[in-house]
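Residue 329 in the numbering used here is what sits at position 192 of the sequence shown, and the numbering runs on without skipping anything.
Do not take every clue at face value.
Restricting the straight-line Cα-Cα distance to at most 27 Å, the calculated cross-link-like pairs of lysine-lysine (DSS-like) are [as the list claims (entries may be wrong)]:
id : residue 1 : residue 2
1  : LYS366    : LYS422
2  : LYS366    : LYS352
3  : LYS167    : LYS181
4  : LYS255    : LYS222
5  : LYS314    : LYS377
6  : LYS193    : LYS177
7  : LYS180    : LYS225
8  : LYS222    : LYS188
9  : LYS177    : LYS225
10 : LYS193    : LYS255
11 : LYS345    : LYS263
12 : LYS255    : LYS225
13 : LYS229    : LYS217
14 : LYS422    : LYS380
15 : LYS314    : LYS380
Pair ranges (Cβ atoms, derived) [as the list claims (entries may be wrong)]:
id : residue 1 : residue 2 : range
16 : GLU424    : PRO203    : 19 to 27 Å
17 : ARG367    : LYS225    : 44 to 52 Å
18 : ARG187    : ARG455    : 37 to 45 Å
19 : GLU189    : GLN155    : 49 to 57 Å
Just so you know, the hints here were simulated from the structure itself, not pulled from any lab data.
Note that CB positions come from ideal geometry on N, CA and C, so glycine has one too.
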Amino acid sequence: MPKVPSPRKVTSPSKNAQREGVERRKRENKEAKEKDKREKERKKQEEAERKEEWQKYVTNNQWRGPTSYVHREGERTIAKTHATKLTKPQLKSDELCTLPHEIRPVRPTGKDFDVPMKLYSYSDVKRLAELRAQTLRIDLVWTADLESRWNESVLIRKREYTRVSPDDPSVNEIIWKGEHLWSFGVNVDDACLTYCLEPYDVADLVSKNDWLDLKSVAVRALEIHEGLKRHNEIVVNKRKADKNTVEASYQSLKGYSRGLRQFLDNLHEEASQYYPDHDPRRPTKEERRRTVLQYGPVWMQCEDDHCTEWVWYHGNDRLLEDDDLVLPSY
Numbered sequence: 138m139p140k141v142p143s144p145r146k147v148t149s150p151s152k153n154a155q156r157e158g159v160e161r162r163k164r165e166n167k168e169a170k171e172k173d174k175r176e177k178e179r180k181k182q183e184e185a186e187r188k189e190e191w192q193k194y195v196t197n198n199q200w201r202g203p204t205s206y207v208h209r210e211g212e213r214t215i216a217k218t219h220a221t222k223l224t225k226p227q228l229k230s231d232e233l234c235t236l237p238h239e240i241r242p243v244r245p246t247g248k249d250f251d252v253p254m255k256l257y258s259y260s261d262v263k264r265l266a267e268l269r270a271q272t273l274r275i276d277l278v279w280t281a282d283l284e285s286r287w288n289e290s291v292l293i294r295k296r297e298y299t300r301v302s303p304d305d306p307s308v309n310e311i312i313w314k315g316e317h318l319w320s321f322g323v324n325v326d327d328a329c330l331t332y333c334l335e336p337y338d339v340a341d342l343v344s345k346n347d348w349l350d351l352k353s354v355a356v357r358a359l360e361i362h363e364g365l366k367r368h369n370e371i372v373v374n375k376r377k378a379d380k381n382t383v384e385a386s387y388q389s390l391k392g393y394s395r396g397l398r399q400f401l402d403n404l405h406e407e408a409s410q411y412y413p414d415h416d417p418r419r420p421t422k423e424e425r426r427r428t429v430l431q432y433g434p435v436w437m438q439c440e441d442d443h444c445t446e447w448v449w450y451h452g453n454d455r456l457l458e459d460d461d462l463v464l465p466s467y
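Make the full structure from the sequences, and use the hints.
Laid out in C-alpha cells, this is it:
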C-alpha cells in the first residue's frame with residue numbers, strides 16, 4: 138500500500154501577521170534605541186563644546202588689574218565667599234577672577250597667613266552668572282535674595298551728634314565719610330573693626346536686613362570714645378601697634394639686620410623722588426583734622442614680581458607715616 142504523504146502545514150494569515158508585527162516592533166525599538174543613543178552622543182558632544190568654550194573664555198579673561206584697585210563710590214559689593222554661593226551651580230573661583238575685584242585685609246585670626254578678602258561688584262557677579270548660564274545653556278537658579286540686603290528704608294538712622302568734647306570742631310565741620318568704608322551699610326563685624334567698637338556698642342543700630350547705617354556707627358564711635366580727637370587717637374595708636382607687630386614678624390622671618398634695615402630705609406628715600414607718596418585724592422591735613430578716621434588692619438604688600446619693593450597699607454589705602462601714623466593737630 139503506497140505511503141500517503143502527510144498534509145502540508147499551513148500557517149494561518151493571523152499568525153503571519155502576528156509574527157511580522159513582532160519583527161517590526163523589534164526593528165522599531167532597535168532603531169529608536171540607536172536614534173536615542175545618537176541624540177545623547179550629540180547632546181554630550183555639544184555640552185562638551187559649550188564647556189570648552191566657557192573654559193576658554195574664563196582662561197582668556199582673567200582680570201589683571203592693580204592690587205590697589207578700589208570699586209567706585211556707592212558700588213554694591215559682595216565678598217567672594219557669598220558670591221560663590223549666589224547661584225546653583227555655584228560660581229567657581231576662576232570664574233569670579235574674570236571680574237575686577239578689590240582686595241581688603243581681614244581681621245587677624247592668629248594664623249601665619251590670613252587670606253585677604255576679595256570684593257566683587259554685585260552687578261558684575263550677576264552678569265557673569267547670566268553669561269555662564271547662557272553659554273552653557275543651563276538653568277540659572279538664584280540661591281540668595283540679596284536685593285533685600287540693599288533696602289535702605291529699613292536702616293536704623295541715629296545721625297544726630299552733639300559735641301562731647303571741647304576739642305571737637307563744630308558738628309557742621311566734621312567729615313563723616315571714611316577712608317575705607319563709604320557705602321550706605323555695614324555689618325556688625327566690619328563696623329566694630331573699622332570704628333574700634335564692640336558689638337554691644339552698636340546692638341541697637343542693627344536693622345532687619347542686618348546692616349548698620351555707616352554714619353550712625355561713626356556718630357556712635359565719637360559718643361563712645363568721647364569726641365573726635367580721642368577717637369582718632371585710638372585709631373592712630375591701633376595702626377602703630379599693627380605696624381610694630383608686622384615689622385617684628387618680618388624681622389623674625391627674614392632675619393634682616395639693623396644695617397640692612399637702614400639700607401632699605403635709605404633706598405626708600407632715594408626712590409621717593411621718583412614715586413612720590415603724595416596722592417591728590419588723599420585728604421589734606423586740614424581735612425584730616427575734621428575727619429572721623431576709620432581703622433583698617435595694617436599690612437605689607439609686595440609691589441613687584443621679585444618682591445624687592447614692599448609697601449605699607451592700612452585697609453585698602455597706602456599707609457603714609459607722616460599722615461596716617463600721626464594724630465591730626467587740633
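Hint check:
1. Only pairs whose Cα atoms come within 27 Å are accepted, and LYS366 paired with LYS422 is accepted, the gap being roughly 14 Å.
2. Our distance criterion of 27 Å between C-alpha atoms is met by LYS366 and LYS352, whose separation comes to about 17 Å.
3. For the given pair, LYS167 sits about 21 Å from LYS181 by alpha-carbon distance, which is consistent with the 27 Å threshold.
4. For the hint linking LYS255 to LYS222, the alpha-carbon distance of about 14 Å falls within 27 Å, and the restraint holds.
5. For the proposed pair LYS314 and LYS377, the alpha carbon gap of about 22 Å is at most 27 Å, so the pair holds.
6. The suggested pairing of LYS193 with LYS177 holds, with an alpha-carbon distance near 24 Å, which does not exceed 27 Å.
7. The hinted pair formed by LYS180 and LYS225 meets the criterion: a straight-line CA distance of about 21 Å does not exceed 27 Å.
8. Distance check on the hinted pair: LYS222 and LYS188 sit about 20 Å apart at the alpha-carbon level, within 27 Å; holds.
9. Between LYS177 and LYS225, the direct Cα distance comes to roughly 24 Å. Compliance with the 27 Å bound is thereby established for this hinted pair.
10. Between LYS193 and LYS255 the CA atoms are separated by roughly 23 Å; this keeps the pair inside 27 Å, and the hint holds.
11. Between LYS345 and LYS263, the direct Cα distance comes to roughly 24 Å. Compliance with the 27 Å bound is thereby established for this hinted pair.
12. A hinted pair counts as satisfied when its Cα atoms are at most 27 Å apart, and LYS255 with LYS225 qualifies at roughly 21 Å.
13. As the CA atoms of LYS229 and LYS217 are separated by approximately 10 Å, the hinted pair is consistent with the 27 Å bound.
14. With a CA separation close to 22 Å, the supplied pair LYS422 and LYS380 stays within the 27 Å bound.
15. Of the pairs offered as hints, the one joining LYS314 and LYS380 holds, with about 24 Å between alpha carbons and a cut-off of 27 Å not exceeded.
16. A hinted range of 19 to 27 Å for the beta carbons of GLU424 and PRO203 is consistent with their spacing of about 25 Å.
17. One distance hint, 44 to 52 Å for the beta-carbon pair ARG367 and LYS225, holds here, with the actual separation near 49 Å.
18. At about 44 Å, the CB distance of ARG187 to ARG455 agrees with the hint of 37 to 45 Å.
19. The given range of 49 to 57 Å is respected by GLU189 and GLN155, whose C-beta atoms sit roughly 51 Å from each other.
Going through the hint list in order, the structure satisfies each hint without exception.
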